[in-house]
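Novice: The opening position of the sequence shown corresponds to residue 3 in our numbering, with each subsequent residue numbered one higher.
If you are wondering where the hints come from, they were derived from the structure by calculation, not from laboratory data.
Everything numeric in this text was worked out from a predicted model, so none of it was measured.
Don't take every hint at face value.
Stated by the list, open to error - Pairwise CB distance ranges, derived in the manner of DEER restraints: (1) P4 to F31: 34 to 44 Å; (2) F31 to Q60: 22 to 32 Å; (3) E62 to G32: 41 to 51 Å; (4) G26 to G56: 39 to 49 Å.
Stated by the list, open to error - Calculated lysine to any residue pairs in the SDA-like style (CA-CA distance at most 20 Å, straight line): (5) K7 to Q60; (6) K55 to L65; (7) K7 to T51; (8) K7 to L65; (9) K7 to V44; (10) K55 to H15; (11) K7 to T54; (12) K7 to R58; (13) K7 to E66; (14) K7 to V33; (15) K7 to E62; (16) K7 to W35; (17) K7 to P34; (18) K7 to H46; (19) K55 to D17; (20) K55 to F23; (21) K7 to N48; (22) K55 to L19; (23) K7 to V52; (24) K55 to L18; (25) K7 to A49; (26) K7 to R63; (27) K7 to G32; (28) K7 to Q67; (29) K7 to I30.
Using N, Cα and C, we set each Cβ at its ideal position, and we do this for glycine too.
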Amino acid sequence: KPERKMAKGSGFHLDLLLLVFLGGAASIFGVPWLSAATVRSVTHANALTVMTKGPRPQIERVLEQR
Numbered sequence: 003k004p005e006r007k008m009a010k011g012s013g014f015h016l017d018l019l020l021l022v023f024l025g026g027a028a029s030i031f032g033v034p035w036l037s038a039a040t041v042r043s044v045t046h047a048n049a050l051t052v053m054t055k056g057p058r059p060q061i062e063r064v065l066e067q068r
């Protein structure tokens with residue numbers, strides 16, 4: 003989302019590519035392919051978001067963890 007003012011690194015795309023390949027391989031072998039990593043990533047980004055105060059809060063910045 004543009005309002006988060008975050009830039010995606012190449013690691014994000016590699017993670018999604020890996021999830022796609024593992025999900026495809028799991029489907030071929032009949033293994034469950036559910037992954038909660040995506041939900042956890044979105045929740046983590048929401049937890050690091052700093053909102054402005056007021057009647058209509060907006061995203062002020064997002065703290066980075068490295």
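Novice: Cβ-Cβ distance between E62 and G32: within 41 to 51 Å?
Specialist: 47 Å, holds
Novice: Just to be careful, I want the Cα atoms of K7 and H46 compared with a cutoff of 20 Å; is the pair within it?
Specialist: 15 Å, holds
Novice: Would you mind confirming whether the straight-line C-alpha gap from K7 to V44 stays at or under 20 Å?
Specialist: 14 Å, holds
Novice: Are K7 and L65 close enough, with their CA atoms no more than 20 Å apart?
Specialist: Holds, because 11 Å separates the two Cα atoms, which is no more than 20 Å.
Novice: Between the alpha carbons of K7 and T51, is the straight-line distance 20 Å or under?
Specialist: The hint holds at about 10 Å.
Novice: Does the alpha-carbon distance linking K55 and L19 stay inside the 20 Å limit?
Specialist: 38 Å, violated
Novice: Take a quick look at whether K7 and V52 sit within 20 Å of each other, Cα to Cα.
Specialist: 11 Å, holds
Novice: Measure nothing beyond the straight line between the CA atoms of K55 and L65; if it is 20 Å or shorter, mark the hint as holding.
Specialist: 17 Å, holds
Novice: Given the hint that K7 pairs with N48, does the C-alpha gap stay at or below 20 Å?
Specialist: Cα-Cα ~12 Å, so holds.
Novice: Can you confirm whether the C-alpha distance between K7 and E62 stays at or below 20 Å?
Specialist: Distance ~9 Å between K7 and E62 Cα, so the pair holds.
Novice: Sort out whether D17 lies within 20 Å of K55, counting only the CA atoms.
Specialist: Given pair K55, D17 is violated - Cα atoms ~34 Å apart, limit 20 Å.
Novice: Within a Cα-Cα threshold of 20 Å, do K55 and L18 meet the stated pairing?
Specialist: Status violated; Cα separation ~34 Å.
Against the hints set out earlier in the document, violations occur for numbers 2, 10, 14, 16, 17, 19, 20, 22, 24, 27, 29.
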